[in-house]
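Novice: Could you put together the complete structure from these sequences and hints?
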Amino acid sequence: MMNGMERLTAAINGTLADRIPVFCNLLDQGAKELGLSIKEYYASGEHVAEAQLRMRAKYGYDCLWSLFYVGKEAELLGCRKIIYAKDGPPNVGEMVIKKNDDISRLQVPDDITSHPAFAEELKCLRILKAEAGGKYPVCAYLTASMTMPALLMGMEKWMQMLMMGPAGLRDELLTKCSDFFQKQVAAYRAAGADVLVYSNPFGSTDFIPRTFFDEISLPWMESDLAPGGTAGVVYYCGSARFNDVIESVIQNLGIGVFYLSPMDDIAEGKKIVAGRGVTCGVINDIMLLEWSKEEIRAEVKRMIEAGKPGGKFLFGTLVMPYAIPEENIRTMLEAAYEYGRFDSE
Amino acid sequence: MLEQVMTQYNEAIMDTDRDRALQVVHDALALEITPEEVVFEVVVPAIELMMKSISENQGVSLAQHFMAAQIASEVVDDMVPRFRKAPQIIGRVVIGTSQGDFHGLGKRIVAGCLKAMMIEVTDLGLNVAPERFVDEALAHDAQVIAISSMMIHTARGENGCRRVRQILKERGVEDRIKIAVGGAPYRFDPELYRSVGGDAWAENGITAGRVITCLIREVRK
Numbered sequence: 001m002m003n004g005m006e007r008l009t010a011a012i013n014g015t016l017a018d019r020i021p022v023f024c025n026l027l028d029q030g031a032k033e034l035g036l037s038i039k040e041y042y043a044s045g046e047h048v049a050e051a052q053l054r055m056r057a058k059y060g061y062d063c064l065w066s067l068f069y070v071g072k073e074a075e076l077l078g079c080r081k082i083i084y085a086k087d088g089p090p091n092v093g094e095m096v097i098k099k100n101d102d103i104s105r106l107q108v109p110d111d112i113t114s115h116p117a118f119a120e121e122l123k124c125l126r127i128l129k130a131e132a133g134g135k136y137p138v139c140a141y142l143t144a145s146m147t148m149p150a151l152l153m154g155m156e157k158w159m160q161m162l163m164m165g166p167a168g169l170r171d172e173l174l175t176k177c178s179d180f181f182q183k184q185v186a187a188y189r190a191a192g193a194d195v196l197v198y199s200n201p202f203g204s205t206d207f208i209p210r211t212f213f214d215e216i217s218l219p220w221m222e223s224d225l226a227p228g229g230t231a232g233v234v235y236y237c238g239s240a241r242f243n244d245v246i247e248s249v250i251q252n253l254g255i256g257v258f259y260l261s262p263m264d265d266i267a268e269g270k271k272i273v274a275g276r277g278v279t280c281g282v283i284n285d286i287m288l289l290e291w292s293k294e295e296i297r298a299e300v301k302r303m304i305e306a307g308k309p310g311g312k313f314l315f316g317t318l319v320m321p322y323a324i325p326e327e328n329i330r331t332m333l334e335a336a337y338e339y340g341r342f343d344s345e
Numbered sequence: 001m002l003e004q005v006m007t008q009y010n011e012a013i014m015d016t017d018r019d020r021a022l023q024v025v026h027d028a029l030a031l032e033i034t035p036e037e038v039v040f041e042v043v044v045p046a047i048e049l050m051m052k053s054i055s056e057n058q059g060v061s062l063a064q065h066f067m068a069a070q071i072a073s074e075v076v077d078d079m080v081p082r083f084r085k086a087p088q089i090i091g092r093v094v095i096g097t098s099q100g101d102f103h104g105l106g107k108r109i110v111a112g113c114l115k116a117m118m119i120e121v122t123d124l125g126l127n128v129a130p131e132r133f134v135d136e137a138l139a140h141d142a143q144v145i146a147i148s149s150m151m152i153h154t155a156r157g158e159n160g161c162r163r164v165r166q167i168l169k170e171r172g173v174e175d176r177i178k179i180a181v182g183g184a185p186y187r188f189d190p191e192l193y194r195s196v197g198g199d200a201w202a203e204n205g206i207t208a209g210r211v212i213t214c215l216i217r218e219v220r221k
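Chains A and B are the protein sequences, given in the same order.
The numbers in the first sequence follow the numbering used here, run straight up by one, and end at 345.
The numbers in the second sequence follow the numbering used here, run straight up by one, and end at 221.
If you're looking for bench data, these hints aren't it; they were derived computationally from the structure.
Worth double-checking, as some hints may not be accurate.
If you only want the chain A side, here are some residues facing chain B, beta carbon under 10 Å, derived [what the hints assert, rightly or not]:
1) Lys157
2) Trp158
3) Leu162
4) Pro201
5) Ser239
6) Leu318
7) Tyr322
8) Phe342
Note that the structure is a prediction, hence the values are computed from the model and not measured.
Beta carbons are placed, not taken as given, at the ideal position from N, Cα and C, and that holds for glycine.
Specialist: Right under this line is the structure:
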């Protein structure tokens, strides 16, 4: 039987594997796995690494995550308050940028690896690499410069500044966020992360008009990615659709892995990618809270039938809601393993 | 002439060009188009046109929703004091994000649209306790409580819409106050609004204007 890294490599190279890679993004569920509260769980990189390894072994999927929660990035830029829920992801509880003057005061640490908020994540990543390196890809999550301000000042205020200016201040903030991104991606690469999920809802025309994508989003994405290149980078718009910009992303950014929205047409996405990269079909995992076993299997079958022919395809989830019953996770995964087998054709 | 103003205003909105939209309004007033006409013949139809574009899947982005609502809200604030007589308010809404939810963008888009449609909005802000939704709705004589949730656990949680429904029931005011919900989880599960006790849901901030107007009419029938 192949391991996750072999399956992923085969998907990238378009060579034969036993089945398609399956990425199941279980994060907060790690707390349940270890019998801890979500706050206790995320206090330690050892907890997260242990739970990631346990959950992967228990369910048999192909990825491991060094990500704790998205708000962690705001901590690296000065956020001191995180609000923990008992049944969902932690939230940023204090905006680093409360007024425009705070933008000039925003400091990007020279060495983010020495920041205490990064230390635990780094600890987790190192454990995952030591235990499963080379066998299962370790994923890191990075927020694009254009989306990062939403974590620092709130989406509402950021949207206002982005669309209405002042442009000078907006660009000052984006410059700092792009600098932060470049440092962060370099740190993850140095620590051995295999997959770098580049998250940017502003890279989707569900969020911004196409002209804005071409004139503003694209240049900032180039700024983020140019220094380090796109090796291991996955294009992801945080559940927003992006089939209509894939061609531009390939041409201008050179990214080769596309983690679609559950609302994107998988066959269409794959047709646009046209063998130049890997297309990831992503299930609407909120429905895993409600669907019956038969409905889950039918949806997985539909998705895989749309994406598997010709290979270079991966089955994935968004960030799986905490409350999804374990039985439904298993049903989804068993269906993905079954329908994703290449010898079944 | 009014038609030309409408066209120019709509183009500015779709281009997310606030300055141009406000200039169109300013020029219209100089051409002796009345403030009432600006609001009811230009701004409100622009929102309705956007609703139509969304329903026809013509690819209207969140930024365009935001700018349409933002500009509408600004123009209405500027125009209403210039009306010959105070406009008739068609209803009242209290709006906020559910407890534990700190995402305010959707709520702001909804509030901007409602204001243009002459619906009085009381914004309760972020992370609103269920009791407060009901207390404020009663205090403001609101017909609708609008609850925005961007995360599945705040949409489904025991202190979100479910609890608001329970309190309305306990206080015997379910026929006086309806609940509208919205936010990302409802787009991924269009039946979710029923299971959490909502009366209706809106797919986005712009169409929320129509959904909430219908609920107000239902209460006032």
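Novice: Check each numbered hint from earlier against the structure, then list the numbers of those it violates in ascending order.
Specialist: Failing hint: just 8.
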